[in-house]
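S.K.: This is what each chain is made of:
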Amino acid sequence: MTLTQVARKDFEDAVRSKMVWGIIAIFVGFMAFVLLAAVGTSDTSDATGDIALGLTAQLSQLFVPLIALIVGYMAIVGERRSGSLRVLLSYPHSRRDVVFGKLAGRSAVIALALGVGSVGSILLASVLLAAPDLMAVAGLLASIVLFGVGFTGIGVGISAAVHTRGKAMAAAIGSLLVFLLMWDAAAAGLYAIITGSLPGLEVEAWYFLLKRLNPISSYLALAEASVDGRLTPFFQMGLEEIPADATEEQLKLSNRVDGSLPLYLTDWFAGVNLAAWGVFPAILGYLRFERSDI
Amino acid sequence: MAAIRTDGLTKRYSGGFFGADVTAVDTLDLEVAEGEVYGFLGPNGAGKSTTIDMLLDYARPTDGTAELLGHDVQQEPEAVSERVGVLPEGYGLYNRLTGRRNLEHALEWQSAADDIDQLLERVGLDADDARRPVGDYSKGMTQRLALAMALVGDPELLILDEPSSGLDPNGIRRLREIVREEADSGTTVFFSSHVLGQVEAVCDRVGILNDGQLVAVDTVDGLREAAGASSTLELTMGQPPSPDLVTHEAVTDIEVRGNRLRVTPTDSRIKARIVSDLVARGHEVIDVGSESASLEDIFAAYTDDAGVANRTETPSGDETPIQTVGS
Numbered sequence: 001m002t003l004t005q006v007a008r009k010d011f012e013d014a015v016r017s018k019m020v021w022g023i024i025a026i027f028v029g030f031m032a033f034v035l036l037a038a039v040g041t042s043d044t045s046d047a048t049g050d051i052a053l054g055l056t057a058q059l060s061q062l063f064v065p066l067i068a069l070i071v072g073y074m075a076i077v078g079e080r081r082s083g084s085l086r087v088l089l090s091y092p093h094s095r096r097d098v099v100f101g102k103l104a105g106r107s108a109v110i111a112l113a114l115g116v117g118s119v120g121s122i123l124l125a126s127v128l129l130a131a132p133d134l135m136a137v138a139g140l141l142a143s144i145v146l147f148g149v150g151f152t153g154i155g156v157g158i159s160a161a162v163h164t165r166g167k168a169m170a171a172a173i174g175s176l177l178v179f180l181l182m183w184d185a186a187a188a189g190l191y192a193i194i195t196g197s198l199p200g201l202e203v204e205a206w207y208f209l210l211k212r213l214n215p216i217s218s219y220l221a222l223a224e225a226s227v228d229g230r231l232t233p234f235f236q237m238g239l240e241e242i243p244a245d246a247t248e249e250q251l252k253l254s255n256r257v258d259g260s261l262p263l264y265l266t267d268w269f270a271g272v273n274l275a276a277w278g279v280f281p282a283i284l285g286y287l288r289f290e291r292s293d294i
Numbered sequence: 001m002a003a004i005r006t007d008g009l010t011k012r013y014s015g016g017f018f019g020a021d022v023t024a025v026d027t028l029d030l031e032v033a034e035g036e037v038y039g040f041l042g043p044n045g046a047g048k049s050t051t052i053d054m055l056l057d058y059a060r061p062t063d064g065t066a067e068l069l070g071h072d073v074q075q076e077p078e079a080v081s082e083r084v085g086v087l088p089e090g091y092g093l094y095n096r097l098t099g100r101r102n103l104e105h106a107l108e109w110q111s112a113a114d115d116i117d118q119l120l121e122r123v124g125l126d127a128d129d130a131r132r133p134v135g136d137y138s139k140g141m142t143q144r145l146a147l148a149m150a151l152v153g154d155p156e157l158l159i160l161d162e163p164s165s166g167l168d169p170n171g172i173r174r175l176r177e178i179v180r181e182e183a184d185s186g187t188t189v190f191f192s193s194h195v196l197g198q199v200e201a202v203c204d205r206v207g208i209l210n211d212g213q214l215v216a217v218d219t220v221d222g223l224r225e226a227a228g229a230s231s232t233l234e235l236t237m238g239q240p241p242s243p244d245l246v247t248h249e250a251v252t253d254i255e256v257r258g259n260r261l262r263v264t265p266t267d268s269r270i271k272a273r274i275v276s277d278l279v280a281r282g283h284e285v286i287d288v289g290s291e292s293a294s295l296e297d298i299f300a301a302y303t304d305d306a307g308v309a310n311r312t313e314t315p316s317g318d319e320t321p322i323q324t325v326g327s
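Protein sequence lines, in the order shown, are assigned to chains A and B.
Quick note on the numbering used here: the first sequence kicks off at 1 and runs consecutively.
Quick note on the numbering used here: the second sequence kicks off at 1 and runs consecutively.
These are calculated hints, taken from the structure and not from any lab test.
Each residue gets a CB set at the ideal place from its N, CA and C atoms; glycine is no exception.
Watch out, some of these pointers could steer you wrong.
Computed beta-carbon distance windows for the label pairs [as the list claims (entries may be wrong)]:
no., chain 1, residue 1, chain 2, residue 2, range
1, B, Val22, A, Gly78, 48 to 56 angstroms
2, A, Thr164, B, Asp72, 41 to 49 angstroms
3, A, Ala111, B, Glu78, 23 to 31 angstroms
4, A, Leu253, B, Arg132, 54 to 62 angstroms
5, A, Ser292, B, Asp115, 22 to 30 angstroms
6, A, Lys18, B, Glu78, 32 to 40 angstroms
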């Protein structure tokens, strides 16, 4: 099985190159900074570990994709440029082994780095503030790792599809901007085209599906189950016509759609969606890679 | 079964909206027998690397097929890689890893149990160097290591793209020995070069590629003959010579530059006669130099109709027939 050979080598390289440790250090360092800022500004008497958990969850939506794309985008195009891909392929590895071996290796790298990194930042939060609920910690950890794996798939897919480092970087940044800034706006726009009006407080359930397909939204839905309060996307275009006096209760997803929540709006589906993002972009990248000249 | 067989192998690169399409390799029919040492010769840009890239399934042909050891390279790439050792153009090793670690990976990937020390010794890389990361290696050392990695698993066919690039004379000699040893043990060796001298010494047969087309396939002897046909004689005379000094018929070109006389005979064997003639007629010859034909000259001899015609006019009896392939 040469796929596992490629995956193992890739993982070992990442550990040896200190990439994993670099990511963990950046992740924990950033979280520490945010936590300290939170401790400094908030009224510490009611600052609990749950707030720290919420902050970790909130900030991860920007940080995790960034890290995962950085880990993923050079996976294949890097070896392509250095010529080691030619050496790798001169042994009995197929192109499929290379793409999916790399995907497995990098996913393991990101899972390890984010796992250790978020445990580190939550420990830090426990010391600075108070210990959060262990189940909630485990839940958030799983969401963050799954989120990271999803974006690693996007990064590796990009890496397999392009010929140069510059294109890979442009595509990685572009994809991040699409998911962060444009996706929700596009969903609202599509809703307006189809129904004739912008989404209000109560909307058709499929509108939320459109939004939910964005891995960032899926992550937020998953993470929300583990933290107190609602998580909001970093950038909101304000395209939804929601009254300013809407209560938290009214803003709950289950209260904005008619009847009970459809299957595709459950947390379970959000997890599947993240896993799919971890695989399908890599498949598309592979299809391009398979047909191209090395 | 042929070790390498291509059938109408073609690679065209699209020139985009404004440029013209470029045909890098044009309906190439190549056949290399098992156990043969085959030199793939051509100037830079002739399409050698593109051909090899297609043989190794790095590049996909626009048309035609390629088979290595009876396996179609696109249908069964893994079956091919198991039995073929490769030194590709533009390869890169893992710079952070030591030379030895790179070799260990090669062994693992090829499921081979070679003795690493022995491999290192064969290519002339010492054990101390093998413990250093490849990123610190010179071009020649990297090339030696890459050659060792190609030899892993005792392949039945070795495909080496410009293997001598970056090697010092010592390394080139060792490369030559390795090619001979491999050939003696029954391995087919296919290597490309743009330097004539390197293929002469070891090859059974030579294919000449020019502009993506195989213009000739010949034995080394045949090639040497063609080379002789267009080599030049450089004479430095005591007094500025006049061009009509040399009266031999079998001379295609005479050039005078100051005291120098440059003569291009159709057959290198008459060079001595030209010199002795001049001396006998009382001309002062200060220096005699002879320049063997450049690869370009050989192409001219093989592709240029006039050149070939001249060759057949030479008085020598034992002409090696030239097998011309393609158009």
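S.K.: Give a verdict on every hint.
M.R.: Each hint tested on the structure:
no. : hint                                     : in the structure
1   : B:Val22 to A:Gly78: 48 to 56 angstroms   : 28 angstroms, violated
2   : A:Thr164 to B:Asp72: 41 to 49 angstroms  : 30 angstroms, violated
3   : A:Ala111 to B:Glu78: 23 to 31 angstroms  : 29 angstroms, holds
4   : A:Leu253 to B:Arg132: 54 to 62 angstroms : 59 angstroms, holds
5   : A:Ser292 to B:Asp115: 22 to 30 angstroms : 38 angstroms, violated
6   : A:Lys18 to B:Glu78: 32 to 40 angstroms   : 33 angstroms, holds
In summary, the numbered hints that this structure violates are 1, 2 and 5.
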